[in-house]
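Heads up: the protein sequence lines correspond to chains A and B, in order.
Per the numbering used here, the first sequence runs over residues -19 to 257.
Per the numbering used here, the second sequence runs over residues 130 to 390.
Just so you know, these hints were derived from the structure itself, not from any lab.
Treat each hint with caution, since some may be false.
Straight line, CA to CA, 27 angstroms or less: simulated DSS-like cross-link-like pairs of lysine-lysine [to be verified]:
1. A:Lys160 x A:Lys148
2. B:Lys276 x A:Lys148
3. B:Lys251 x A:Lys148
4. B:Lys333 x B:Lys132
5. B:Lys276 x B:Lys132
6. A:Lys160 x B:Lys276
Each pair of labels, with its calculated beta carbon distance range [claimed, not checked]:
7. B:His196 x A:Ile105: 51 to 59 angstroms
8. B:Thr305 x A:Leu143: 39 to 47 angstroms
9. B:Lys132 x A:Ser159: 23 to 31 angstroms
10. B:His315 x A:Leu85: 32 to 40 angstroms
Derived, one-sided and incomplete: chain B residues facing chain A with beta-carbon distance under 7 angstroms [to be verified]:
11. Ile204
12. Pro213
13. Gly224
14. Gly260
15. Phe290
In this text, a Cβ means the ideal position worked out from N, Cα and C, and glycines have one as well.
So the chains spell out like this:
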Amino acid sequence: MSDTTLVHPRTEAAPGPTRRAVAWKGWLGLILPVMLAILLEIGVSAGWLEGRFTPPPSKIAATLHELVESGEWFRHGLATGWRVALGFLFGAGAGILLGTLSGALPLIRRLIDPTIQALRAVPSIAWVPLFILWFGIFETSKITLIAVGVFFPVYLGVLGAVLSIDRKVIEVGRVFRLSKLETGRRILLPATLPALVTSLRAGLGLGWMFVVAAEIMGASEGLGFLLVDGQQVGRSDLIVAAILSFALLGFLTDALLAAATRPYLRWRDDLSTTEKN
Amino acid sequence: MLKLDSVSRTFPGGQEALRNIALELAQGEIVAMVGGSGCGKTTLLRLVAGLDAPSTGLIELDGAELHEPSADVGIIFQEPRLLPWLSVADNIGFGIAHLPRAEREARVSRALLRIGLAGFEKRWPRELSGGQAQRVAIARALVTQPKVLLLDEPFSALDAFTRASLHEHLLALWETDRVSLLIVTHDVDEAVTLADRIVVMQPKPGRIFTEIRVDLPRPRDRRSDAFHEVSRRVLDALDGSLSEGQSKPASGVSETAAFWW
Ligand SMILES: Nc1ncnc2c1ncn2[C@@H]1O[C@H](COP(=O)(O)OP(=O)(O)OP(=O)(O)O)[C@@H](O)[C@H]1O
Ligand SMILES: [Mg+2]
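Bound-form chain B, shown alone (with noise of 0.2 angstroms):
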């Protein structure tokens, strides 16, 4: 569904933030990317969203190709940025002011029981908790309908208990909704917890380095032995990805890995 072929990505500075990218997501996939600061993460998610052009390659969503922001392509980034002037329920029917009102008024109340905020239509953006104000966020995105949904370090300036739950509403929107999911985090056991496939990138210039499957029935048990043994994957990878595309040989966690940022 959406694909991203032989993307690279350099800027004025000359500084080249992406090399030779290709990636597929398929419809309803899920996919975390993970990788080092400055390895790209967020120039490619720029890119989809059309909020940045690639300098050379093509990104296509059902055949046709992206280049600027499309209705079918939705980001959530990782402050909610909420516009401060409009209530709840304005910032969640944000992106719909062009459907008749009642329409609008339908997705926007729906939209707010899903997320678990229903009575808070009214609010000020400013009388949230961070981790309301980021459901908010997700709910402006998603009442677009959009085919594909990426997330830019989402839930990283919330607590563990908060990123949890959170993780459980996107999970349960993505359920029902059936939208493909690009997620970027810096935390292991958030992509593991969500991802079908986790995409370890490596810096300078920014490159796939490998690509792990999680192959973990859900609800997954984050105590599980099966899920630890993907996220020492993960960590190895990373570990990997950090010493300049030299293959380590796998021997459990090494002492950098927890340090990998």
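So that you can see chain A by itself, here it is in the shape it has in the complex (with noise of 0.2 angstroms):
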């Protein structure tokens, strides 16, 4: 299976070949999984594979069914994405704002900067221990840990590009002489708007990585309990069926993010963002 593709969504936005041009190439991709499906579903079902470790798809699809029937998939579903949205919510929030600052204020940069690339360098993961000292168990850390992750990719992109708006441009906002407001909302919103459309969309992929990290770490609802539940009591076709959802909550997502900002970006001369790829 292509677990780990499929699992992070895209956080970047690759420019490819153009469209038509790969378009019956793009069913080639197809060709091996649906032969490992098969294969699959054959091998179980004539006794060659052990159904309790490899899950043939008819019984994941029938595993997803049940969880979608009974409501389960939705309060799992619900809780997950509740945590991602509000870490998502708070990371990206502390990102563009620490990352404008920094960028726009070289007094703020010097006093931030070496400090939050320092943290940089310390795995996410490795804060949670502290986290659950500080926050206990429950919700606060795990959206805590969150937010820590979401932050780094949109802080670092928002910074970039405001250290990188084209002087000549600014100067044509104080010829037509806009306030600091103005310039702020005329000129750089809309020439930082690609890079922060980029680095959100990495900061959701890492919300979306570290939300399953959290909920490893205990919970009794969401879609990553699902992930220990299915392996505690032996459900490999559980554990799919999770990582499936996963995989897409985040394509989703990523998607209504590319689709609610792309109006915003028509005006890009290149396929990255404006061109679904």
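Fit the two chains together into the complex; they arrive one by one in their own frames, and the hints show the way.
And the structure:
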């Protein structure tokens, strides 16, 4: 299965070849997973493989169906989604705020950037014990961890974008006597928006990654709880069902973010954000 | 109207870009500024535009001192500097966002018509040619109805044909608006085509070497003898300006004249 590539939503906007040219070649990528699924199905029903460890696609589908029918899927999905949403909100908010301040005011940059860069060197999961000590094992520590994961790419992206704004464009604002506030709204914001969107998407990807870590650490509900539960009761179909759910939600939220910002990026000269890649 | 009185600009590094510039621009006058590279032409325009401040001296517009960007002074840079995230129409209307919508739209569509780009309002800047983009930049500077328009080598990146057509556009706009133009150029023909007066600058430090009046009637014929005569005088002056201020006997176009930049 292509678990790993599915679990992490696309975080980088990679410019690819034009869509039409690869349309039929795109289908080539389906051959492998479809073959694998068929082999699994046949293998298990013929008794060559043990279904307890390698769930056949039909079993996974049945499990998913059951989860949705009983409403469990929505309860767990909502719990996870809520954590990601809050963590993303706080992390991205802090990243945008500090990234902008740090980029616009050299004094602030000298003050905070070295510390942030040093903290960035810490693998975020390493904070977990400390967060649990501080905030307990419930929601606060989870959301904090997710926020920390989201914060760094957003901070770096916004800082880089503000620093790389063309001085010539700022000068146009000066010629037309824009106030500081107007310069921010009419020049800084649109000029940094493409980088902001890219970094938000990267941050969202990390948010989904860290919610898994947070929920594996201990949770009574959430898709990550299903992962642990599946492992403890020895149901690989449940694990794969949860993995697929993560993939789906990660993909959907990323697509949503991209779609919501696309109208504001139509002016761009390249394919990276304007075209669905 | 516009008046520079003993204006000097020395940069923090000690580089003396301009020394003791005295220059006046009458209402509706077109003055071209030519001179070797590094003699402070861009610095001078930035001072007048309020993007930089003189070290000593005074810049006045209609008797009021200029020390920051003013609504009465527009500037066009060597590059169009359009904002890539705004449509052509929004770029042109960038400086008049404070006006009521109807007034703004009327001015923008009139400007588009006048620069020959009606129907282009919804385009993105990236969809324009270099000459079209520079025309949009001119329109953006003119919709605010400034009294003085500064142009810093505005057409130097364009081919000769486009340049000639933009000269016509610019003169047509000037004829209706009667805005004063101060235009920096490396192109002697451009200076003679457009200007009432040509200021020749001298480098190290940047000073005014001499001024040449151009009394040819408009529209000017680039092939006429009178036109060539003025061009020759400008080239001679440029020659002189580069030989350390030593006056040289005017002996036709010298070999170095063609390479004065
Ligand atoms: N921001 C600055 N800091 C220090 N020195 C500067 C600065 N801007 C310009 N100079 C110097 O001032 C002098 C005049 O520069 P300026 O750009 O005005 O020349 P110019 O006449 O426009 O030249 P060109 O024809 O090549 O455009 C140059 O020697 C330049 O090195
Ligand atoms: Mg210059």
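Quick rundown of the hints versus the structure:
no., hint, in the structure
1, A:Lys160 x A:Lys148, "16 angstroms, holds"
2, B:Lys276 x A:Lys148, "23 angstroms, holds"
3, B:Lys251 x A:Lys148, "24 angstroms, holds"
4, B:Lys333 x B:Lys132, "23 angstroms, holds"
5, B:Lys276 x B:Lys132, "13 angstroms, holds"
6, A:Lys160 x B:Lys276, "25 angstroms, holds"
7, B:His196 x A:Ile105: 51 to 59 angstroms, "56 angstroms, holds"
8, B:Thr305 x A:Leu143: 39 to 47 angstroms, "43 angstroms, holds"
9, B:Lys132 x A:Ser159: 23 to 31 angstroms, "29 angstroms, holds"
10, B:His315 x A:Leu85: 32 to 40 angstroms, "39 angstroms, holds"
11, Ile204, "6 angstroms, holds"
12, Pro213, "6 angstroms, holds"
13, Gly224, "4 angstroms, holds"
14, Gly260, "19 angstroms, violated"
15, Phe290, "26 angstroms, violated"
Consistency note: the structure conflicts with the earlier hints numbered 14, 15.
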